Amino acid sequence: MKNNLVLKSILKVIRKNIMFTSLLLIGIIGVVLTSLIPPQIIKIVIDEHLIPKKYENLLILAIVYFIAVLFIGVFDFFKEALITILGQNVATEIRNGMMEKLTKVNAKFFSNNDSGKVVSRFTNDVNAINTLFTSGIVGMMIDLLKIIGIIVSIWFFSSRLGVLTLIFLPIIYLITRLFQKKMLIAQIKNRIIVGNVNNHIAESIKNAKMIKSYSKEDYMEKNYKEYLIQNFKTIEKVNFYESIFPPIIQLIRAVVIGTIVVLSSNEINYLGISLGMIAATIELISNLFAPIENLGMELQNIQQAISGIQRVNEFYDESEDCKINNELKLIINREDINLDFNNVGFYYNQGHNILNQINLQIIANEKVTFIGRTGVGKSTLFKLILGLIKPTEGLITVNGIDVFSISNKEKRQIFGYVDQSFNIIKGTVADQISLQDPSITREAVIKSLEFVGLSDYINSLENGYDTYIKHDLLFSQGQKQLLAIARATVTNPPILLFDEITANLDSITEDKIISVLQKASMNHTILSISHRLSTIIECDKIVILENGMIKNIGTKEQLIEADEWYRKHIELEKLTWR
Amino acid sequence: METINPMKQPDQIINYWKREKFVVSCIIIFGLSFNIITIFGPIYQGKLIDTIVGGNDLNTVIKVAVRFILIIFTIQFLRYFKRFYIRRFANNLVAVMRLMIYNNILHKNISELDNENTGNLMTRAISDVDHCVEGMRKFTTEIFDTGVLMTAYLISMLIYNVKVTLIAIIFVPIAMFLAEKLKNYIYKYTQAFRNKSSEVADITYDLIDNALLYRVNGIDDQNKMYYLTHLVDLQNKAIKAHILENSMQPIYNVIAMFGIIMVIYYGGLTVINGGWSIGDFSAYVTMFIAMAVKASKAAKLFNSVQKSRVSWKRIKPYLNEYQSKDKAVHIHNNNTHLKVQSLNFGYGKELIIENISFTGIHGEMIGVTGSIACGKSTLGLSLLGMYPYLGSIQIDQKELSDYTEFERSQIISYLGHNPNLLSDTIYNNITLGMDKDITSVLKDVCLEPDLLSMPEGINTLVGNNGVRLSGGQQARIALARTLLNKNKIIILDDPFSAVDMKTEEKIIENLKNHYRESLIILISHRLSIFKEIDKIILLHKDKSVEYGTHNELMSKSNLYAKIYNLQIGGDTSEK
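In order, the protein sequences belong to chains A and B.
64 is the number that this note's numbering gives to position 64 of the first sequence; each next residue is one higher, with no gaps.
326 is the number that this note's numbering gives to position 326 of the second sequence; each next residue is one higher, with no gaps.
Looking at chain A on its own, in the form it has when it is part of the complex (with noise of 0.2 Å):
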């Protein structure tokens, strides 16, 4: 992967707080070091203080004993702080590098992925990518520590004990292994199936009245009694795995018990070490288990991370527009402006063209409306006209500008586009209209929301214009159309773009719509998709497409006599027949 955000991320961060990232490692290495204490206290108790029948210092042991444990607290504590600090960080600056990404990422990314998919690497794949560091890597890097403090602790007293050890390592290990894949591969038929009871529950609650009007509720009840039963029986195996593997390794750990102090007894003798080091011992065995145990796990969250870490690199991987933001100020004057087509033509896929030589001139204060059928391209042309995606051939200029290379921020001030939907933001009234951008003042939001007659409603809200918009319902379909040419008006640029927009609406709201329309439209060069506007606001020109091309160009008279399909057409819309 040539891209690696998540690796560049990481190092980031690292670098960045390398105060913390030191003092992480002083706690990871504090904390193997101090839990290797206490065995070696109740060694030398035993060892030098009970047998012998000594108390003098004992006091002084017990205490060493509590700093000790003090020690590890207070290390454990600092380590798993700020492995939270650092590896939130981490999801922070991976979060941060993917919204970069997402301002640049090329137009057609959105027409080929659900936002729903997008979020979700966001969020639930950085968050697994985020679980990778904290409890993957580091949480691994300190375990193989752990192993490797206690089997040196035990060499120390024995290496007879030691080799014993070492030989006990792998098999404790597999058999841990054993036991997680298992688990592993139950718990992945469970995923499918919590996936079929989850889509079960979707699609009844999204085909509800169907199985109201049919009565099916018990046949759906009957299928997701189904689900939750094979459910039920997959999740019963993890239990199975779950509930017998701690009591196994703890009866190891007996064996393994058993075994050193047969070894040690008087009589064998073969390990020759002190009672103080066998009870010490017996701790120390004790603390193996966990280790090996977490090693497993961590190994299975890496395993998993891995698939989130590609999701996210893809991402960042994602082709971008090659823009050159020319921030040449633009000065505009509206009584000149001339949008040119010069021989246009686009694709996604090669060979699949969706526009071809698209020839137009359009001056300042024409109202030109495009018509054609579905899928023929309308959308797509507006898209090029915004500079959303660069034509695969020939160039749209504004007075002599390429399109594509105008900055984001310059365009507001030259397009006003009404998207056939009104996409709702998170915010208030207000901030439908703005965008939140600072330099739009509330005095222009006022006085474009009046324009579009919509302010007495909106005074009406229990905030105003700071109303807070919770759900879908605050607005009427016909007003939110306002609000989408309010929005498009707010910077009053000169040319203003109609997304097939009056579809669906009833007659007294289309009225409405209708007069702010014919408002609009002095002053602004009016570029339109749509059959019905053709009737609404005076047009200059109406071009025909068909096939991705200009089938026709003229005034509504001139194609009324040349073009028996518009004619026709014109005749359904005027009566509002779909």
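Calculated from the structure, these hints are not laboratory results.
For each label pair, taking beta carbons as the anchor points, the in silico distance ranges come out as:
| no. | chain 1 | residue 1 | chain 2 | residue 2 | range |
| --- | --- | --- | --- | --- | --- |
| 1 | B | Glu321 | A | Gln477 | 35 to 43 Å |
| 2 | A | Tyr173 | B | Ile110 | 51 to 59 Å |
| 3 | B | Asn120 | A | Gly427 | 16 to 24 Å |
Quick caveat, the model's predicted, so the values are computed rather than measured.
Glycine included, each C-beta is placed from N, C-alpha and C at the ideal position.
Here the structure of chain A is known, so what remains is to put chain B in place on it, guided by the hints.
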């Protein structure tokens, strides 16, 4: 488990323990026996050490070692059953809670469901149930693993030495007390973190979903900064919450372990004075440490029970008595008479259709048409009787609203724009669980040729929302489903928009010929199919209505004639 039985009074949390009598008894038996016998682990470990101190012969040592292993085996054997039954308890709870919530959601009425947020319902039915059960499981476990075990340890430690135990043990409850006190505080911070986390998820969604809008308006740079400030806020909240929730455990452990000084000192003195063997000392130390560790983990228990309580509060409104539809049917099977008189209908205060009257009988086909947003779909939906209406809709001289929901579903079949396919096979999508032969309906909707090209035939899986099929195939499967019962009234709302003209004509032909016992109401904007229909209802945008046959409307309605001629003249199937 072969089936899941619904339960009574699911809104009383105690009933979930009562319901699982067998499993709960097993938990009690194994929980008690395991935790009591657990104390023999350290005791025998001590004895094992003492055999070496005593310099016993190999045979004795081996005997004691084997006994130690057997004791541990018994303890762990009981532990397995305790763990298993506590998990089965949770597993049973999840199943029954999910079932009860699902049943509840399905039996809500349509307007209630319209007001519910799908995402919310999903969270209730899935993650809230999980959290709630997790807390109930931990609570049940810890009654034994903390309550019984600590008592058992305490008693045996007291038997070993009353004085040492009393002095050393004071700090254990202090650690637990602190954890319990911090619980609310921790909850506040984790809640702040969770809220922020979902806020950031919302913001992320907003920025991604509206990315092009922001780009067109040049807000993208500003949004980057805005996003970063929220990320940093999230980061700080996450750090606070995580540190409090996870990093505190070592601190509790230190507090609980303070008594170890007394244990080692006084315990050592007891050994030196001959009161204890070294094995007793080792056993005592092991027990004390185990108790301290248990105490330091109490915080986790408190937090999880707290979380569970919140989830329980959220799912409780969805835990009502189990419902099932009344399946008694009082309908006349032959001869259908529909009489609609001055019907007014709207979803809110505003009426969408006004003053509609018409009649229909079996064997008839009634066409409904009109311009965009004239209310033709609404008319179709109102005839289902799912929503309240004004005026009268009589079927066989009985008011529609007087029929039960089940009866209505047996009288009327409805198909809207949405094919409403479930992710199952074609056969199951059509029969919805009935054991019926579908050959004739497949023929009626002209699906047979399509099925020939599918290797699995009627057992082909349609995918989520039917994605694996073409729009036309989806529509025809949905139509087959609607037709399967040959109900008295069949309402079809523009089901052919994705079907080509020829197939459409063929299907309508089939409907006319094979469904003579039914009254068919066909809603469409394509007038060509109305040519041979006796009754047509033409809705106008101003809410006025015209009635008549095709020929009558051709002569008396300007709009109708105009549209018909325009549509016949050219292909206007799009837009």
